[in-house]
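> As given, the protein sequences belong to chains Y and F, one line each in that order. When the letters of the first sequence are read in order and numbered with my numbering, they come out as residues 261 to 595. When the letters of the second sequence are read in order and numbered with my numbering, they come out as residues 261 to 595.
I should point out that these hints are in silico values taken from the structure, not numbers from a laboratory. Heads up, some of the hints might be wrong.
It does not matter which identical chain is used: a pair holds within one copy or between any two.
The calculated lysine to any residue pairs, modelled on SDA-like cross-linking and capped at a C-alpha distance of 25 Å, are [said to hold, decoys possible]:
(1) Lys576 / Pro329
(2) Lys267 / Met412
(3) Lys360 / Lys444
(4) Lys294 / Ser270
There are 2 protein chains.
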Amino acid sequence: MKLATYKDGSRDGQLVVVSRDLSSAHYATGIAGKLQQALDDWGFIAPQLQDLYEALNQGKSRHAFPFDPQRCMAPLPRAYQWADGSAYINHVELVRAARKAEVPETFYSDPLMYQGGSDDFLGPCDDVVVPNEAFGIDFEAEVAVITGDVKMGSTPEQALEGVRLLMLANDVSLRNLIPSELAKGFGFFQSKPATAFSPVAVTPDEVGDAWQGGRLHMTVQSTWNGRRVGMCEAGPEMTFSFGQLIAHICKTRNVRAGSIVGSGTVSNKGVEKDGRMDWPKGYSCIAEKRAIETIQDGKPSTEFMKFGDTIRIEVKGRDGQTVFGAIEQTIAAPV
Amino acid sequence: MKLATYKDGSRDGQLVVVSRDLSSAHYATGIAGKLQQALDDWGFIAPQLQDLYEALNQGKSRHAFPFDPQRCMAPLPRAYQWADGSAYINHVELVRAARKAEVPETFYSDPLMYQGGSDDFLGPCDDVVVPNEAFGIDFEAEVAVITGDVKMGSTPEQALEGVRLLMLANDVSLRNLIPSELAKGFGFFQSKPATAFSPVAVTPDEVGDAWQGGRLHMTVQSTWNGRRVGMCEAGPEMTFSFGQLIAHICKTRNVRAGSIVGSGTVSNKGVEKDGRMDWPKGYSCIAEKRAIETIQDGKPSTEFMKFGDTIRIEVKGRDGQTVFGAIEQTIAAPV
C-alpha cells in the first residue's frame, strides 16, 4: 500500500491512503489519524489500511479525492530517529579520491552512518530554506526506509524484517560547512539542515522483486533546474543493505518504531571509455560531480545550488509510473 | 511545576504532575495524556498543569498518590531530537591533555555538539543494558533542557526563551568504541547507547535564581557504587549557555517543540595544592578521572563500569531537597 500525510495545520498532519497510480487518496480517519500511530501498532492497523487501499484502487471507496503531492508533508513529518548511512562506497571513493585521501579498509565492512535531526522534516514540495547561498547548497538523492521495532543485537536478516515502508529522501547538505564541522570530530550538525521526503511511503510489496536483499533495485532520477543529471541504479552497487545499516544501529541499542534509515547518496561506478573515465549514469549530488571534475581536471567547475534553483527526485516503475511521487523543491532564502 | 511520565505499558506513558517535594503526584489526564502533547501546545496546556500543581502542593487535589520514581519513564520517553553539547570546555581540555592533543582555538567560541538517538530513552531507574563490558561503560552526568519551538536564525537570547523544562541526564558512553568511531569522521553512533533522564523535569522557576544566564547554578552529585565521586558545579564553568547551544542548532534549521538539549559532562577546573593539581569537586564521568590519572601518573588506574555497578545522579536544593529526583541505574548484561 501507499501512504502519505496531508497538511492540516497540525504538527503531524493527517494520514491518507493513496492509490497505486497516485491519482486518488482517502483519509485514514477512523483507522489512524497519523502515520506514527500506525507504526506504533502496525500489526493491528496495517491490515485495516490495506483494506482501504484495496477499496481505493478498485474505485470503491466513497470519499476518495484527487491526490495532490503539493498538499503533502513528509510521510512522517517528524520522527524519533533519522539515521543516514553512506552505503554506496563508490560515493565515498570519489569524494576521497578528489582530495587525494585513501578509503580505509574498514569502510568496506563497517557502514558509515550519521545521526541526523528528525524534529522538522520538509514535505516533498516545500522550499529548502537556507540562510546563505555561500554555505554550498547541495541535494542528495537517497532511498530511505521507515522501521518498526528492532531489538538491540539483531542480525542484518532480523533487522530487515523490521522494514515497514520505503520512500525517497533529499538529504540537503551545506557543503561549505562540512570541512570545519567534521574537523571538530563530532560529526555533522549545522551542515545538515532539514531533510525532505517523497510524497508517499510504500510497503515493500509495492515494488515487487525490485526490493531484494534489502536493496531497492530501481533507478533514482535527479533533475536539477530541469536538466536530468542522474539516472542512478540504487540496487547492485549499494555496498551495505538496509538490513546491515539497521543492524549497525542495533549493535548497542534498540531501534524503535518510526525510525527512518537512509541509504546515503545513490552512486554508481564510472566506466572507461576511449581511455577516459566516464560516469554515464550521472550523479545524485553535486559534490560527486565536483569530485569527478577535480579528479579529471584538477578542479571543480560545477557550482553548488543558488536561490531559485530546483531539484526533482523520482523513481519510476517498469510501467513508467511514478512509485513514490516526486520530491520537487526550490532553494529559497529565509523570508 | 514538576512533571514526570509514569509507565503504563504504552510507548509514551502517562503524564503526571509531581509535588514540589516529590512526595505526591497526580495524573494529568483531562489536561494532557503525555508530555509531548503539552509541549506541542504549551501556552494553552501549561497553565492548566500549573493549576493542578498548585492544588497538589496545597494538598487539595483529590486523586493524589505517593510519587514513586521507580515507576517513571524518562519525562519524554522518546523525543524528536536529542542534541548534546560538550559545553564544559574544561572536560575537553582534560581529555585532550591526556592524549597530548591541543584544544583548537575555535572550541572556545564555537560549541561542540553531537546529534544523539532519541527513539528509545531510559527511565531514571531502568538498567543500562550493554552487550559487552569490554565496550568501556561510562556514565556522564549532565544537565538537559526540553525546548519549545525555536526558529532558524534565533540569537542565544531568543533561543533561551524557548527553554520549557530542566532535567538531568545520564548520557551513557561506550568509551572503547569511541576512538575508531570518531576516526571514521561522522561522529558518535554505536558509542552512544540509550540516554537516561531524571524522574522529573521542572520549569525554570522551580530553581529560582539558580537558573541564570542559561545555566543551572547548582551542584550535580554523582555517586558510583555508593561512593560520592562528583560534586560538580554546573553553573559558572559552563562555557556555552543553553541559549548558545540552542542557537548553534538553529543556525541552519528550526528547533521544534520537544527537542532535548544536553550540556555535556559537567566539569570543574582543578586547583593547585602543594605544587600538585587537585580536583576537589571530583568528576561527572570516569573518562575524566582517567584523563587526570594519565596526566599525573602517565596512565589511567580507574577502570570503567562493570555489570552490577550502580550510578546515582542527583541535584539538591539549598534546602537539601532533591530537585529532579535521582537517576539510579544499574549496569546490566542483556537478558
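> Which of the stated hints cannot be reconciled with the structure, identified by number in ascending sequence?
none
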